[in-house]
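Participant: Got chain W; can you put chains V, C and X on it based on the hints?
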Amino acid sequence: MSSLDLAEAVLLGILLVTALAITRARSLFVAAMLGGLFSLVTASLFVLLDAVDVAFTEAAVGAGISTVLFITALALTNSQEATTPRRRVIPAGLVAVLATAGLIYASFDLPGVGDPDSPVQTHPITDTYLRESQQDLHVPNTVTGVLASYRGYDTLGEVVVIFTAGIGVLLLMLGPRRPADEARDRAYLQAEYRVLRVVSKTLMPFILLFALYVLLHGEYGPGGGFQAGVIFGAGFILYTLMFGLAAVQRVLPMRTLVVLVAVGVLIYAGVGVATMALGGGFLDYNEFNPGNPSGGQVAGILLIEVGVGITVAAVMVAMFYSLIRRGVRR
Amino acid sequence: MIALEVASSVLLLAGSLFAVTGGIGLLRFPDFYTRTHAAGLMDSAGAVLILLGLLLLAPDLGSGVRLLLIAAFLLITGPTATHALAHAARNDGVRVWAERVDKKR
Amino acid sequence: MTATHYTYWIIFALMMIGLYAVMSHGNLVKKLIGLNIFQVAVFMFFISLGRVDGGSPPIITEGIEVYSHPLPHVLILTAIVVGVATTSVGVAIAIRIYEAYGTVEEDNALARDAAEEAAE
Amino acid sequence: MLSAALVAILVAMVLALARAVIGRHLYDRILAINVFGTKTVLFIAVVGFLTGRPDFLDVALVYALINFVSTVAVLRLSHYREAM
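Residue numbers (our numbering), protein chains in the order written: chain W, 2 to 331; chain V, 7 to 111; chain C, 3 to 122; chain X, 86 to 169.
No lab work stands behind these hints, which were simulated from the structure alone. Since we're looking at a predicted model, the values are computed, not measured. Here a beta-carbon is modelled for each residue, glycine too, at the ideal position from N, C-alpha and C. Be aware that one or more of the hints could be misleading.
Far from chain X, some chain C residues (derived; all Cβ distances over 12 Å) [claimed, not checked]:
| id | residue |
| --- | --- |
| 1 | Ile61 |
| 2 | Val91 |
| 3 | Tyr103 |
| 4 | Ala120 |
As a list, the in silico SDA-like pairs of lysine to any residue whose alpha-carbon atoms are at most 25 Å apart [claimed, not checked]:
| id | chain 1 | residue 1 | chain 2 | residue 2 |
| --- | --- | --- | --- | --- |
| 5 | W | Lys202 | W | Ala192 |
| 6 | C | Lys33 | W | Gly14 |
| 7 | W | Lys202 | V | Pro36 |
| 8 | C | Lys33 | W | Ala93 |
| 9 | C | Lys33 | W | Arg27 |
| 10 | C | Lys33 | W | Ala192 |
| 11 | C | Lys33 | W | Ala102 |
| 12 | C | Lys33 | W | Ala83 |
| 13 | C | Lys33 | W | Ala247 |
| 14 | C | Lys33 | X | Val106 |
| 15 | C | Lys33 | C | Leu21 |
| 16 | C | Lys33 | C | Thr88 |
| 17 | C | Lys33 | C | Glu101 |
| 18 | C | Lys33 | C | Ala111 |
| 19 | C | Lys33 | W | Thr24 |
| 20 | C | Lys33 | W | Lys202 |
| 21 | C | Lys33 | W | Ala22 |
| 22 | C | Lys33 | W | Gln81 |
Residues on chain V that point at chain X, a partial pick, calculated with CB under 8 Å [unchecked claim]:
| id | residue |
| --- | --- |
| 23 | Ala13 |
| 24 | Ser15 |
| 25 | Gly29 |
| 26 | Arg41 |
| 27 | Leu47 |
| 28 | Leu62 |
| 29 | Pro65 |
| 30 | Arg72 |
| 31 | Leu74 |
| 32 | Ile76 |
| 33 | Thr83 |
| 34 | Pro85 |
Okay, chain W solo, but in the shape it has when bound (with noise of 0.2 Å):
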């Protein structure tokens, strides 16, 4: 046994004991914190897995934006969880004890896990997406070669689903806000923490070159769009955070955020419109550089990456201002 398989089994069975202590948390603050470190292993076995790509994304979404997203529900509701009365309790867990061992049951039928010989690894399109992409794309980093071009269709529906539950966030946010007192917050943020702000404001410049740096070096290693809007959406979760919401809001406005969030997934669109204005179909980028496809690919893939981060991060930063502005109302 490899010291990999190793790490694979002991990470396996945090995550179990992870999933049974967020279920038992009486305290939703709790669970939440355990539902970021929950996060964290599960990236580490995707790297474990060989998915960096993938890795890369749970990281920043699972760890960074979701438990910022769940710690904020609960500073605006309620952060305690009434006792689960028994006749609850016992349905639940006969229904999950019987579903985990009908589907063990079924996993015999699976084949293993890393069996070369799975339908999955002999599938034709297997060999499409790792060698002939070489030719066809240029783009050594075969995920975003797929995600961006060979699947460019499924992925602007998925930019289309962020683009939509965006905005759905901040209609249902729409309404009372919390009174605004800048020079009050100012006076609490430098009392209480004045190390963090300090650190925090060093560190800005250089989140955002990282996030810009993942967004373009997406092709050759792990990165892309989508975890490039995630890292530029950290970055000002952090900052607002430390500074308040007044102060960023002087950076980036959130009436630039909601024009961001549509001009993403327009980028994304216009591309696809222009491939065709240039007499190919929607999303071929090959049309961009007639004389030289893979060029052409190249700059394609580029641009609509671009879209992406820029529609990822616009909804990231706008979810998180919508939560965090909002009035509580009793």
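Facilitator: Quick look at chains V, C and X alone, frame taken from chain W:
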């Protein structure tokens, strides 16, 4: 080459020692503030020693630079986070172990 | 080959722990957290299907021949970001329910609805 | 030696998890989760070297960054009512 590998092994082992002892301290120390001490040690000393050990094995410039960036980042954020936590805990009235002992007497 | 199946089993157990949290807990935020566990377990299931022994992350480099399948990675990568966007819609709805009912416990909110209906 | 470091990191992770689950105080849990995050950063870095593809250290960098952001967020938002 062998000298490099030996040096990296020594650093990795030292870092591992910090990681494990820090973990034990985090679990066994009697109050929050002493636990911050254990956590701070494993976050800064343990992490940086392991990263330096890896640095000696780095095959190219790119991974070396990244390792240094990670180490610098951890060195800045680790102590900051620990400090902020201890500060907030103190303001919230989390008591030091010795104070609790005094109360009991 | 059964030695490699244990990954699936733990993933299934995680899914069901998530499902249990959704079914048994009345607190809406806790339900969302449970749903998140379920969702992450499904992600892991997909990724483990694409894995291959001795493989490497699907970023083509000279000298490496065996790569894991990139398609599950693509699907899950987008699903993670979509997942957080939909979760936040759920969170927003939970906040609105709290503002309307003064509680995020399903039972209490339903009881209040029933009481109001009876009063009418 | 890399394997030894990996095992040490796993042991530290388990110990930190135990502290996060036991808790006692909210701050104990935040501290334990912060430590756990640092350990995952090291874990990813060591795994990168063990599998012979250390070019994925970007992932470890993201972990370090997000770990800091979420620790700050939890700390800050547990005092949400005071100011924003």
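Participant: Work down the list of hints and note, for each, if the structure agrees.
Facilitator: Now the hints, each set against the structure:
1. Ile61: Non-interface label fails for C:Ile61: nearest chain X Cβ at 8 Å, not farther than 12 Å.
2. Val91: holds, 20 Å
3. Tyr103: holds, 20 Å
4. Ala120: Given that every Cβ of chain X is farther than 12 Å from that of C:Ala120, nearest at about 35 Å, it holds.
5. W:Lys202 x W:Ala192: holds, 16 Å
6. C:Lys33 x W:Gly14: Cα-Cα ~23 Å, so holds.
7. W:Lys202 x V:Pro36: violated, 35 Å
8. C:Lys33 x W:Ala93: holds, 13 Å
9. C:Lys33 x W:Arg27: holds, 13 Å
10. C:Lys33 x W:Ala192: violated, 37 Å
11. C:Lys33 x W:Ala102: holds, 23 Å
12. C:Lys33 x W:Ala83: Since the Cα atoms of C:Lys33 and W:Ala83 sit roughly 13 Å apart, the hinted pair holds (cutoff 25 Å).
13. C:Lys33 x W:Ala247: With a Cα-Cα distance of about 33 Å, the restraint between C:Lys33 and W:Ala247 is violated, given a limit of 25 Å.
14. C:Lys33 x X:Val106: holds, 20 Å
15. C:Lys33 x C:Leu21: Roughly 9 Å separates the two Cα atoms, so the pair holds.
16. C:Lys33 x C:Thr88: Holds, because 14 Å separates the two Cα atoms, which is no more than 25 Å.
17. C:Lys33 x C:Glu101: Between C:Lys33 and C:Glu101 the Cα gap is close to 18 Å, so the pair holds against 25 Å.
18. C:Lys33 x C:Ala111: holds, 15 Å
19. C:Lys33 x W:Thr24: Judged against 25 Å, a Cα distance of about 10 Å means the pair holds.
20. C:Lys33 x W:Lys202: violated, 36 Å
21. C:Lys33 x W:Ala22: holds, 14 Å
22. C:Lys33 x W:Gln81: The hint holds at about 13 Å.
23. Ala13: Status violated, d = 11 Å.
24. Ser15: With a closest approach of 4 Å, the V:Ser15 hint holds.
25. Gly29: With a closest approach of 3 Å, the V:Gly29 hint holds.
26. Arg41: holds, 6 Å
27. Leu47: The hint is violated - V:Leu47 has no Cβ within 8 Å of chain X, the shortest such distance being about 10 Å.
28. Leu62: Hint violated; V:Leu62 Cβ to chain X Cβ min 11 Å, cut 8 Å.
29. Pro65: Constraint on V:Pro65 satisfied, holds at 6 Å.
30. Arg72: Holds - the Cβ of V:Arg72 comes within 8 Å of chain X, reaching about 4 Å at its closest.
31. Leu74: violated, 10 Å
32. Ile76: holds, 5 Å
33. Thr83: With a minimum Cβ separation of about 4 Å from chain X (threshold 8 Å), the hint on V:Thr83 holds.
34. Pro85: violated, 11 Å
Checked against the numbered hints listed earlier, the structure breaks hints 1, 7, 10, 13, 20, 23, 27, 28, 31 and 34; every other hint is satisfied.
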